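*Asks:* Guided by the hints, dock chain B onto chain A, whose structure is given.
Listed below are the residues making up each chain.
Protein chains: 2
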Amino acid sequence: MARLVRVGGAQLGPIQPEDTRAQAVDRMIALLRQAAGHGCNLVVFPELALTTFFPRRIMQDPDEANVYCETTMPTPETKPLFDEAARLGIGFYLGYAELAEEAGRKLRYNTAILVNGEGQIVGKYRKVHLPGRAEPDPTGVTKNYEQRYFTPGNLGFPVFKAFGGVMGMALCNDRRWPETYRVMALQGVEMVMLGYNTGAVRWAAEGNRIVQMPSHLEMFHNHLSMQAGAYQNSTWVIGVAKAGCEDGEELMGGSCIIAPSGEIVALARTLGDELIVADCDLDAVKWGRETYFRFDVNRRIEHYGLIASQRGVIPPE
Amino acid sequence: MARLVRVGGAQLGPIQPEDTRAQAVDRMIALLRQAAGHGCNLVVFPELALTTFFPRRIMQDPDEANVYCETTMPTPETKPLFDEAARLGIGFYLGYAELAEEAGRKLRYNTAILVNGEGQIVGKYRKVHLPGRAEPDPTGVTKNYEQRYFTPGNLGFPVFKAFGGVMGMALCNDRRWPETYRVMALQGVEMVMLGYNTGAVRWAAEGNRIVQMPSHLEMFHNHLSMQAGAYQNSTWVIGVAKAGCEDGEELMGGSCIIAPSGEIVALARTLGDELIVADCDLDAVKWGRETYFRFDVNRRIEHYGLIASQRGVIPPE
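Chains as they are written, first to last, in numbering that gives the first Met the number 0: chain A, 0 to 316; chain B, 0 to 316.
Among the hints, erroneous ones may be present.
If several chains are the same, the list does not tell them apart, and a pair holds so long as it fits within one copy or across any two.
[Claimed, not checked] Okay, derived cross-link-like pairs now, SDA-like style, lysine to any residue, Cα gap no bigger than 20 Å in a straight line:
{"#": "1", "residue 1": "Lys78", "residue 2": "Ile57"}
{"#": "2", "residue 1": "Lys160", "residue 2": "Ala1"}
{"#": "3", "residue 1": "Lys160", "residue 2": "Arg268"}
{"#": "4", "residue 1": "Lys285", "residue 2": "Glu205"}
{"#": "5", "residue 1": "Lys285", "residue 2": "Asp246"}
{"#": "6", "residue 1": "Lys285", "residue 2": "Pro315"}
{"#": "7", "residue 1": "Lys78", "residue 2": "Ile209"}
{"#": "8", "residue 1": "Lys160", "residue 2": "Leu216"}
{"#": "9", "residue 1": "Lys123", "residue 2": "Glu316"}
{"#": "10", "residue 1": "Lys123", "residue 2": "Gln33"}
{"#": "11", "residue 1": "Lys160", "residue 2": "Arg104"}
{"#": "12", "residue 1": "Lys160", "residue 2": "Glu316"}
{"#": "13", "residue 1": "Lys105", "residue 2": "Lys123"}
{"#": "14", "residue 1": "Lys160", "residue 2": "Gly118"}
{"#": "15", "residue 1": "Lys123", "residue 2": "Arg56"}
No lab work stands behind these hints, which were simulated from the structure alone.
Only a predicted model underlies this, so the values are computations on that prediction, with no experimental measurement involved.
Just chain A, same shape as in the assembly:
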């Protein structure tokens, strides 16, 4: 009695600053049709999939970023994606920049939504772990100013009953934080979808010098974090990149579908628009949960207090 979801990971190649949302949507519709040819039920698109990854650039006035944001969903430009997905009976995860109005204030969130096979939005997530900086980096090595443009997500890590199982969402840097997966696992998550935009090379300031960090570590850390999250929480993880050279920055690919064993069962091999597919049996989460990871038997919350009560490091005297 398998509970199969056939998942397509729809990696996107670069979206340049001059590219329109309509162009991005056209590419996503092409991937959606490929996914239909594979019999997919669910397609996962990247983070900020409608535009270039604008937080790599510093804009004097953060509100200039509003041109990259959506105030409603679907928008006129994304309506064709919703319509085609519904016509094909395919659900999807989509990352985009959201401009919300809350208590009279306009706030930007780095957001993902889950859309069911009938074209209805059934879940929303706002990125909790914003990387990068808010203020200009005097060393010049920073390629990420998400903290300048976005407010940290205020929805926690919700899960959603959909596609015959319990679905969760996360975005990019969230994958490096084990708390992300754990909070969803405690709510029974069976599949975590995660879009990302991540530089393939990284520079660091060491005193007065700028040094390149070993580039191979970027992909290693990408997969290590998601594989550990999958294994330690016995859940499927679908990680999908925007990849390639975008606005002068090399973004890594490496989109993957990870089984609850932590194994990568499907992997993208290019830096362009590419679909990866796997049959994800949601019942495969059970073995881990009935053996190693019986949370109710094995977790010792009486010793975990610091995790939720202390934000930074307090070393011993």
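*Replies:* Using the frame of chain A, we list chain B on its own:
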């Protein structure tokens, strides 16, 4: 200005039920002397390093396990290890079964201690995450009855200032739980030492059938968990096995020294007594903590509450 600790991971081959503690100590002293030849400051021995891994067998009366336990440390049998280490100026981590008397009750703990270069015990840890079962397994696949013999550790995850840094300890199954590393990282840990005894093959009951699980996953999960713990907390992790065929059970080796990047920088290649060595620069923890993992800036404890407040899984209605 590196803060170097030259660490020896002292993997042990099997210790059979008929082997004496004096024999085990002799083997550990031989490894200690090898480590001295490498100029090591600190040697990490496995979990339950003085005896066979007795919790693999079920004893009618759990108190029969007391013969495998120590009521004090050092004992007459381990005194030569303490003396030789002090003579060589080498500190060590040692796992053993502890029989403690607390509030008039005798309790067994799966314990590790940290001994400094002068032979003084400077830290103690009692295993928090006990795997296995307490009662006989009708399917016969269980090879671990730690929950029958041991009480869960009551010391939390303490850290200790020693060897010029902040040191932490864990044992075996603890490595699969991200909370283990995180609670220590929030206290500034720079090196986590962890001994283990882990089966190289695993069987599972599926209804009426007994099926073998893919054996390659055992080592993958061993390294995956420790590498993720190292990377996500930007700490050194030293994992040391008792390995080989012990009392009829195949134990995995794979002892390793893992850098704060998550990379394995030293790896055992045998299933016997074997020393691995690496220079561990405690200052290497800084880069991760100043870039990706600025806990004080990036952690969002307002969304982590479930981790410390809810033990088991509560799925959505």
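*Asks:* For every hint, state whether the structure bears it out.
*Replies:* Going down the list of hints, with the structure as the test:
Within a single copy, Lys78 and Ile57 get their C-alpha atoms no closer than 30 Å, and across copies no closer than 63 Å, so neither meets the 20 Å cut-off. Proximity of Lys160 to Ala1 under the C-alpha cut-off of 20 Å is restricted to the intra-copy arrangement: shortest distance 17 Å within a copy versus 51 Å between copies. In the homo-oligomer, the alpha carbons of Lys160 and Arg268 never lie at most 20 Å apart, since the shortest distance is 32 Å inside one protomer and 46 Å across protomers. Proximity of Lys285 to Glu205 under the C-alpha cut-off of 20 Å is restricted to the inter-copy arrangement: shortest distance 11 Å between copies versus 46 Å within a copy.
Neither within a single protomer nor between protomers do Lys285 and Asp246 lie at most 20 Å apart by alpha-carbon distance, with minima of 43 Å and 31 Å respectively. Taking the closest pair of Cα atoms, Lys285 and Pro315 come within 20 Å of each other only across two copies (17 Å); inside a single copy the shortest separation is 40 Å, beyond that limit. In the homo-oligomer, the alpha carbons of Lys78 and Ile209 never lie at most 20 Å apart, since the shortest distance is 45 Å inside one protomer and 51 Å across protomers. Taking the shortest Cα distances, Lys160 and Leu216 never come within 20 Å of each other, neither inside one copy (35 Å) nor across copies (30 Å).
Taking the shortest Cα distances, Lys123 and Glu316 sit within 20 Å of each other only across copies (18 Å), while inside one copy they are farther apart (43 Å). Taking the shortest alpha-carbon separations for Lys123 and Gln33, neither the intra-copy value of 25 Å nor the inter-copy value of 58 Å comes in at or below 20 Å. Taking identical chains as interchangeable, the C-alpha atoms of Lys160 and Arg104 are never at most 20 Å apart, the minima being 31 Å within one chain and 48 Å between chains. Within a single copy, Lys160 and Glu316 get their C-alpha atoms only as close as 47 Å, which misses the 20 Å cut-off; across copies the closest is 9 Å, which meets it.
Proximity of Lys105 and Lys123 under a CA criterion of 20 Å is satisfied intra-copy only: 18 Å inside one chain copy versus 52 Å between copies. Taking the shortest Cα distances, Lys160 and Gly118 sit within 20 Å of each other inside one copy (15 Å), while across copies they are farther apart (57 Å). Neither within a single protomer nor between protomers do Lys123 and Arg56 lie at most 20 Å apart by alpha-carbon distance, with minima of 26 Å and 49 Å respectively.
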